[in-house]
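Chains as they are written, first to last, in the numbering used here: chain A, 1 to 577; chain E, 1 to 534.
If you're looking for bench data, these hints aren't it; they were derived computationally from the structure. Accuracy of the hints is not assured; some may be wrong.
[Said to hold, decoys possible] With a straight-line cut-off of 25 Å between C-alpha atoms, the simulated SDA-like cross-links for lysine to any residue are:
#1 E/K304 <-> E/Y157
#2 E/K218 <-> A/D198
#3 E/K328 <-> A/T214
#4 A/K88 <-> E/I184
#5 E/K63 <-> A/A237
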Amino acid sequence: MNRLGQMTFNYKRSIIFLLILSLITAFAVILQAYFLVAAVDQVFLNQQGISDIVWMLMGLLAVLLIRTMSSYANGRIGIKMAANVKAKYRKSLLRKYADTPIKQSAGGQSGGKVSVLLDTVDDMDSYFSEYIPQLIQTTVIPLVILIVAFTQHINTGLIMIITAPFIPIFMVIIGMQSKNKSEKQQEKLAAFSGRFLDTLQGLTTLKLFGRAKTQQEAIEKSSLSFRDATMEILKVAFTSSFMLELISMLSIGIVALELAIQLIIYERISFFTAFFLLVLVPEFYSMLKQLGSTFHNGRTSIGAATKVTESLNEEIQPVQWGDQVLPVDSMPGVIQLNNANFNYDEGQFSLKQITATIAPYQQVAIVGRSGSGKTTLLHLIAGLLPTESGEITVNELPLTHYSEHDWFGQLSYISQQPYIFSGTIAENIAIGANSNASRQAIEKAAGLAGIAELIQTLDEGYDTPIGEAGRGLSGGEMQRLALARAFLKKPALILFDEPTTGLDLYTEKILQQSIKQLAEKATVITVAHRLHTIKHADNILFLEDGKLMAEGTHGELFEHVPEYRQMVSVQRGGKAE
Amino acid sequence: MKDLMVIIRLMMAEKRDILYAIIFGFIAGITSVGLFAASGYLISKAALTPPFYTLILITSTVKLFGITKAIARYAERYFSHRATFTILSNLRVNFFKKLEPLAPEIFHKYRSGDLLSRIVGDVETLQNFFLRVFYPPIVLALVFLSTILFTAFFSVYVAFVLLAGLLLTIFVVPAIFALRQARITQYVRTERGTLSTEVTEFLHGFRDLKIYQKLDEKEQQLIQSSDSYISEQERENINKLYSQSVNSFVSLVVSWFVLALGAFLVTEGQLEGIFLAMLVMISLTVFEDAAPMAAFPIHFQDSKRAASRLSAVVEGGDETDTGTSDMKELQSRQAVTIDMKGVSFSFPDEPRQTLKNINLNLQAGSKTAIVGPSGSGKSTLLQLLLKLNHADQGDIHLDGLSIDNIDQESIWANTNVVLQENHFFYGTLRSNLLLAGDSLTDEEMEAALANVELDYLSLDDAVYEKGENLSGGEKQRLAVARVMLKNDHLWLLDEPTSSVDAPTEEAIYRHLFEQAKKTITLIPRQSSPDQPGK
Chain A
1 MNRLGQMTFN YKRSIIFLLI LSLITAFAVI LQAYFLVAAV DQVFLNQQGI
51 SDIVWMLMGL LAVLLIRTMS SYANGRIGIK MAANVKAKYR KSLLRKYADT
101 PIKQSAGGQS GGKVSVLLDT VDDMDSYFSE YIPQLIQTTV IPLVILIVAF
151 TQHINTGLIM IITAPFIPIF MVIIGMQSKN KSEKQQEKLA AFSGRFLDTL
201 QGLTTLKLFG RAKTQQEAIE KSSLSFRDAT MEILKVAFTS SFMLELISML
251 SIGIVALELA IQLIIYERIS FFTAFFLLVL VPEFYSMLKQ LGSTFHNGRT
301 SIGAATKVTE SLNEEIQPVQ WGDQVLPVDS MPGVIQLNNA NFNYDEGQFS
351 LKQITATIAP YQQVAIVGRS GSGKTTLLHL IAGLLPTESG EITVNELPLT
401 HYSEHDWFGQ LSYISQQPYI FSGTIAENIA IGANSNASRQ AIEKAAGLAG
451 IAELIQTLDE GYDTPIGEAG RGLSGGEMQR LALARAFLKK PALILFDEPT
501 TGLDLYTEKI LQQSIKQLAE KATVITVAHR LHTIKHADNI LFLEDGKLMA
551 EGTHGELFEH VPEYRQMVSV QRGGKAE
Chain E
1 MKDLMVIIRL MMAEKRDILY AIIFGFIAGI TSVGLFAASG YLISKAALTP
51 PFYTLILITS TVKLFGITKA IARYAERYFS HRATFTILSN LRVNFFKKLE
101 PLAPEIFHKY RSGDLLSRIV GDVETLQNFF LRVFYPPIVL ALVFLSTILF
151 TAFFSVYVAF VLLAGLLLTI FVVPAIFALR QARITQYVRT ERGTLSTEVT
201 EFLHGFRDLK IYQKLDEKEQ QLIQSSDSYI SEQERENINK LYSQSVNSFV
251 SLVVSWFVLA LGAFLVTEGQ LEGIFLAMLV MISLTVFEDA APMAAFPIHF
301 QDSKRAASRL SAVVEGGDET DTGTSDMKEL QSRQAVTIDM KGVSFSFPDE
351 PRQTLKNINL NLQAGSKTAI VGPSGSGKST LLQLLLKLNH ADQGDIHLDG
401 LSIDNIDQES IWANTNVVLQ ENHFFYGTLR SNLLLAGDSL TDEEMEAALA
451 NVELDYLSLD DAVYEKGENL SGGEKQRLAV ARVMLKNDHL WLLDEPTSSV
501 DAPTEEAIYR HLFEQAKKTI TLIPRQSSPD QPGK
């Protein structure tokens, strides 16, 4: 709430406009009642001809137009404000995410982020497009009506001022009751619709275990109990509007009765005044009722804003880069890790005190059981994660002193699942190039990566759309595409996360050949699973539980490190000697 | 429209609540009109200094109307919402019933997981169908017609003006805007799609973007598509606002006409002046209920779209429905023999045959590894054995019975299957393992966890939807533990340990072979020569 209040404060000008427009609407409401009543009065009591009231009717028509237009303008301002806020917050969230270093499991994390960037930001819309304009309208208009009522007939004003507070009081009482309940309900609702999805997705599993039929009953049961729970909450909301309705009805009734008594028995007020008030008073109460429902609707948006703010306030430790130039001819340089440490947020896993030296043109294999921190180490060397203490140096200068541009310009990272962007094949390869690559260079890279033949069989060749909206690629094809990117880039340092799952034989062969070829001009650091890769490495870093347990060649480690021997002897890819 | 009829038929199961909602809705609407009519009349009457008791009478009527209205509104809301949620529940169950026989084949047809979330969304969308599309127009029509009938007693002309107003505010104006709205919604959807792609690429392709230094570029692109998405949303909102404003202006103008016409009639002596205020009040009130109709076309379109998408998913399901009547059950109290003769298979839309003339005979109690590079048809072979796909040519016999004559479900009932993708449900480890059998004890389950080296987890540990909080290796091991508990006589395992490290993998296989003195067919990870070979 506070946060949204602050956000709104940034739109002072809009708020002032909203206030002015609400005042105009208020006067339109009053003039509308005036003209209407005056016309009836003239015709009914004063027996005037139609020509005598023409100006009133015209005035009334004009006022109706003004009323509609000013409330339209009111809405327009709100919509504009909402659009502004959404754009601004999406932009800051994006900035934030761009600065956040990658996490270990990108999958689950990014799922949440996608929904914050898309849906949560969208949910903020109604706060600005509906809540704020309505809030201002429903505050200003009743106030003006009240003042007018006082000037016309003090008793009516008094009745209004006495009965009106009951509306907010009831709203508060019922609101307090329902608030907690409905928040819990919201969570339940989200969980519930998730559950239905979960069941649908797991249908194959359910059938394989012969459980599908029982799930049907479970769905019905949980749907109905969800209904009952929801009805409990809704009943509170309905009771609330019932009470509001009743209060306003009774109040209007009292006003009407008092007016009638004054009119007949004391003959103190005219028909005009009585009718005028009788038209105005319902407007007053209906505005107050609207205020109640407005509060209610604002809640979702408030929740959304809180979520966005939380994401923005999350602490991150971005990698801070310097501006030291990293000359192309100095690479591949010597990479040194000096007591490098890294922790993930919740302290679940960490890399501890890694010290190692990687010489130029070396082929290094990082080896260890799953969960030992291999990929994290690769990310650390890549500069995708910040070291917590200790440092990584390149040519004896800390990595982070170099400019980000220069460092990543020399680096290729071939992951297990290279990301395919939606675009053509050519565009996807060209992403590897630092500047605009020629079609010729792209085709050459594709040829080296062994994917050219496949591309030639496609109708649209290099212009075939792939990615989200295009043709799907197999795992092997994606790997080869990633290799093509690397061939185009000609990096001095290659970080390679070897696929754990089997690829087709052709890709396996290409993969080995390509890495060999790329290694002629680069240092290669591989998270290795294949025994072939491990055995041909110049140096092996053997990790266990985030610690560098041993370092050396395959022969050395095999001889001296029993854990290594045990791990390698069951490693797939052939017997270890 | 046909699809919506299906929904309406389902809805009619809740006839009683629907009827109540309509009745109370009508009462609430009509008393509201009555209330204002009475107060308009009251004040006019009062101006003519009538006897005091008349006044009392009218005031009491006003009060009575007020209270009735409040109560009726409450009841209307109560019944309409209860009906809505019951209908929704019926819809879910009904849809699940229709989808259930189609699984898992249907998941091959629609490969993206997106389909399912769309289904869930569509079912949710349909809650607006009853609440905002189906019954409000009925109530509105009843209220309007009664009001028009009532005014006709006093002045036919005024009744005509109201009727014209009804047509304008309920049909004409919403229809005009609905057309525009449909077009804009289309744009909004497209822009949202683009933005969603950009966002997904930005977050999932983050590492590649960062290393290839395309992050800033992508960020700019994303901001651009966000901006154009927002501006389409803005247009949508403006159109909505415009339509509301026009509608409310029209209804105000109708009241203006009622006033002008009424005044004219009074001066002409065709209408008693005392009714003028009443008629104006009626007109001002009755149109209040028409305001929500502006949103009617939107909800109507949404519901229609949702209904037809839902029925598109389950349609055509009947053709794959295998007649269960003359199917035999696979009854195995012991290991199963598998026999394949000349089996060929190709996926629809693919010219290449995935399996060519496969002949094999697996003896009961044997263990078989199917090896080959990826894409060579290993998983497809298992799918044929599970009757998830049907061979184009050749025969498959299980225990001497042709697979064509065996009930699909009885194959599954007797098989321990681990697929490449295994689903875990929201709940706990225990609830997920209990799928294998209700009578399992904690000790048995813990032992199974220990077999796959997951004993560092507790049975009470939470499992999120799709097992999101488990790593790939943990999920595979949990799947193996689950089938170990099921412990049937045919094991079909498809790369069950591809994400598990080698020592753990070895331990798992040791336990597996110990337990399974039955037919095992497995697709191990590629090229493991030390596995039992065939």
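Structure-based check of all given hints:
no., hint, in the structure
1, E/K304 <-> E/Y157, "38 Å, violated"
2, E/K218 <-> A/D198, "33 Å, violated"
3, E/K328 <-> A/T214, "23 Å, holds"
4, A/K88 <-> E/I184, "23 Å, holds"
5, E/K63 <-> A/A237, "23 Å, holds"
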